[in-house]
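Chemist: Construct the entire structure; sequences and hints are all you get.
2 protein chains.
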Amino acid sequence: MRPTPSLPADIRRALENIFPGDAAVFSPEEMFVYGVDASRRHALPAAVVRPENLEQVRALLALAQDKRLPVLPRGRGTNTVGDCTPVAGGVVVSTARLARIKDIDADDFVAVVEPGVVTADLQAEAAGKRLFYAPDPASVKFSTIGGNVATCAGGMRAVKYGVTRDHVLGLTAVLPGGEVVHCGRRTHKNVVGLDLVRLFCGSEGTLGIITELTVKLLPLPAATATLALAFADVDAALTAAGDVFRAGILPTALEFMAREAMAAVAAISPVPWPETAGAALIIRLDGSPEALAADLALLEAAAKPAGPVWSRRAATPEDEEAVWEPRRLLNPASFKAAPDKISDDVTVPRGKLRAAAAGIKAVADELSLKILLFGHVGDGNLHVNIMHDAANADERNRAEAARERILSLALSLGGTLSGEHGVGLSKLPFLDRQLSPIERGLMARIKAAFDPSGIMNPGKAY
Amino acid sequence: MRPTPSLPADIRRALENIFPGDAAVFSPEEMFVYGVDASRRHALPAAVVRPENLEQVRALLALAQDKRLPVLPRGRGTNTVGDCTPVAGGVVVSTARLARIKDIDADDFVAVVEPGVVTADLQAEAAGKRLFYAPDPASVKFSTIGGNVATCAGGMRAVKYGVTRDHVLGLTAVLPGGEVVHCGRRTHKNVVGLDLVRLFCGSEGTLGIITELTVKLLPLPAATATLALAFADVDAALTAAGDVFRAGILPTALEFMAREAMAAVAAISPVPWPETAGAALIIRLDGSPEALAADLALLEAAAKPAGPVWSRRAATPEDEEAVWEPRRLLNPASFKAAPDKISDDVTVPRGKLRAAAAGIKAVADELSLKILLFGHVGDGNLHVNIMHDAANADERNRAEAARERILSLALSLGGTLSGEHGVGLSKLPFLDRQLSPIERGLMARIKAAFDPSGIMNPGKAY
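For the protein sequence lines, the chains are A and B, in the order given. So the first sequence is numbered by the UniProt record's numbering: it starts at 1 and just counts up by one. So the second sequence is numbered by the UniProt record's numbering: it starts at 1 and just counts up by one.
If you are wondering where the hints come from, they were derived from the structure by calculation, not from laboratory data. Heads up, a few of these hints could be off.
Pairs involving identical chains hold if they fit within one copy or between any two copies, as the list cannot separate such chains.
Derived pair list, reagent style DSS-like, types lysine-lysine, alpha-carbon separation capped at 30 Å [as the list claims (entries may be wrong)]: (1) Lys304 <-> Lys129; (2) Lys160 <-> Lys141; (3) Lys370 <-> Lys341; (4) Lys129 <-> Lys160; (5) Lys67 <-> Lys447; (6) Lys361 <-> Lys160; (7) Lys102 <-> Lys160; (8) Lys102 <-> Lys141.
Modeler: Here you go:
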């Protein structure tokens, strides 16, 4: 093993002292996997460290501040916008060994966890006590709660339960220089001073390293039920989605898929709906079994005027699994639909969904591209996968042009560049279209309050 | 009218230019009401202005920055901790004329409002379109949404729907110097840059003046139903509250009253429960009428093992009104129970409620004080009214001693000084018991990013 050119010998020695044995990694071969994330970017860091305790994180951030060493916190690398790619070199801090569930309290309705806990593991352990950690990003089985907080991850249940931010009560973080800050409390309500907890949510690793999180738990809903519907076209499906809310129903999840996305799934697995359908909705409710039976009927009635061509009620776990499986297969299916994809998560005001979907279809048609369109339409959150072959320069250029037009379309409809993925590297070039110089100035000054030397995940987010 | 000594003639002229006619007030008599808030503190400002538009706010904050003039935004003054008291003199900025509901959109599920809108007016107008603005602080009929955001107001429905913070999507604010910042979007999800929107929530008027808010609306629940229960003592009632959550029920509201609070209400109005009861719970559910009938039965079953001595199901609006009326009368009743009160809103982890209530009762007994105890126990949020006669020095000293012991008790149980009122002036002396110097340092540096000269609501909050 040899140090990479960018890491002076004294820094390497200092890192080896803080992180003995295999807790520090310097060989390019071993570091390779820590240089990539779900954005498919890659860059090699100068070192990777795997702290096991707070003291190691403190010592690291004292050293890093002193030596002006870039520091990149990293969970499981499921981030899609390049947040975990060490483009500025520096030290990647893996939370893989800060992964203890310290406490799940069925009286306080809180969990205390380290950032490296995989979110699905927390959910499962909570469910064993009839408790519910509500946020459920699509990556829930692979991503960590620390990463979820750093990006303010959303997911399917956000429409009813809110995003990750709404479930974080307190946290411990280490700041550049090694100071430790405990923000928030173990209480479900707290308004004492400026809201530092929420400031860490969605900060994309730019303020400090989170070492512990206290999150809110809810009572586990007794049961769930799902209504899956297929429609002739996108417009009918999105009309039905609006009708559900207008009927006074707040579903647990309201997922949408357009024709090309459905076809991508059908290419790898059987699907329940007719092949001719142009769009689908999968709508979940939760509550007591008695209440669910009544509410499922109301939901069917609300969705009917838009004219579904197919529908299926799923009121048992097995039946639900069958209608949700195609939605879960969408991500793996997308990777088979073309060699490459540009993945965005534009979000528009809920009433602008039909205009957004029509505009995206027009872009796909005009640029002769396959675009998979799906998403959490209860939040106005559309996932747009622009499929292409990056080896074909013309196709790549058309895909980039499509992306630019779709981001512009979302903003022109009053929307946002990102509903749940964040900015990272990939949306940075578009940031000035959404944020004013005044907003960016405030963010830069707030960042400096935490990280005056700019060592935390430099060049990302804002 | 004469200018107060603290306002130089050139500043008065400048204010008169920005705020012609009765939009500026300088006479002590007219300003008197703007110098008090629900904390019952009083101080006279140097001027009161009532802007009608953004440009006036910009001009004011340019002038104030230039002249280092303290600026205090003010809604309806229902704040209980002194946030609206102009202890440093300066200019009080009333939002009374920034009170338009600009938009309630039944497709986007958002409302756009000016800060001076009374929250109940927004709720009523939204309900007319079958839309629901969920936060409902007890002051909802009198307080403004700007004030609710500035204090991150909670309220009874927070247990199910979250606090004000969780419903603010975007805002426009003017910063010291007159710059205008638009944060957030009209979308239900947005993660682009640091979360400036949430930073304004609970900032107690220390960062800038909010001139417009975009808030999230939900579908209006089709119906509500309430179960009211009385118990022999506090411990039984709080045991039942815990059992409700353990049964998997997430109520819309879960309110608690202890014996002395019930007696205070009974002294001014008939109450439905037996006079001998030692505690009460009032629990609301919402949903479709069909679902509610089923869920009300589950709720009754969950509350039964703790042994209620009385219960009443209220499934019509009239019946619900009858059981909620005593809860609403608590605040006016408290003012009749003794000449003065110290009002706190400590919040503890939900599982520590019984310990907190027992500790508060011990303080009341030991110091021979009447303490009214009630609150939003679904959030662990206890309202503690320490009744006394401030004209009696001994009684006042005992009340202050009780307060000190109750705040210490809450912190020792892992709780917070405030769940929903904020810090203002009244909790400032206790702040170092909850916040570390590192947290306070971060807050001071963040504050300086918005307000480098420290003119916004100086001496408050943190």
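Chemist: For every hint, state whether the structure bears it out.
Modeler: Verification of the hints:
1. Lys304 <-> Lys129: Answer is between; shortest inter-copy Cα gap is 21 Å, intra-copy 38 Å.
2. Lys160 <-> Lys141: both (21 Å within a copy, 26 Å between copies)
3. Lys370 <-> Lys341: The answer is within: 10 Å in one copy meets 30 Å, while 68 Å across copies does not.
4. Lys129 <-> Lys160: So Lys129 and Lys160 pass the 30 Å test inside a copy (22 Å) and across (20 Å) alike.
5. Lys67 <-> Lys447: Both, since 19 Å and 28 Å are each at most 30 Å.
6. Lys361 <-> Lys160: Within one copy only: 28 Å inside a chain, 38 Å across chains, cut-off 30 Å.
7. Lys102 <-> Lys160: The answer is both: 27 Å in one copy and 26 Å across copies each meet 30 Å.
8. Lys102 <-> Lys141: So Lys102 and Lys141 pass the 30 Å test inside one copy only (19 Å; across, 43 Å).
Of the numbered hints listed earlier, not one is contradicted by the structure.
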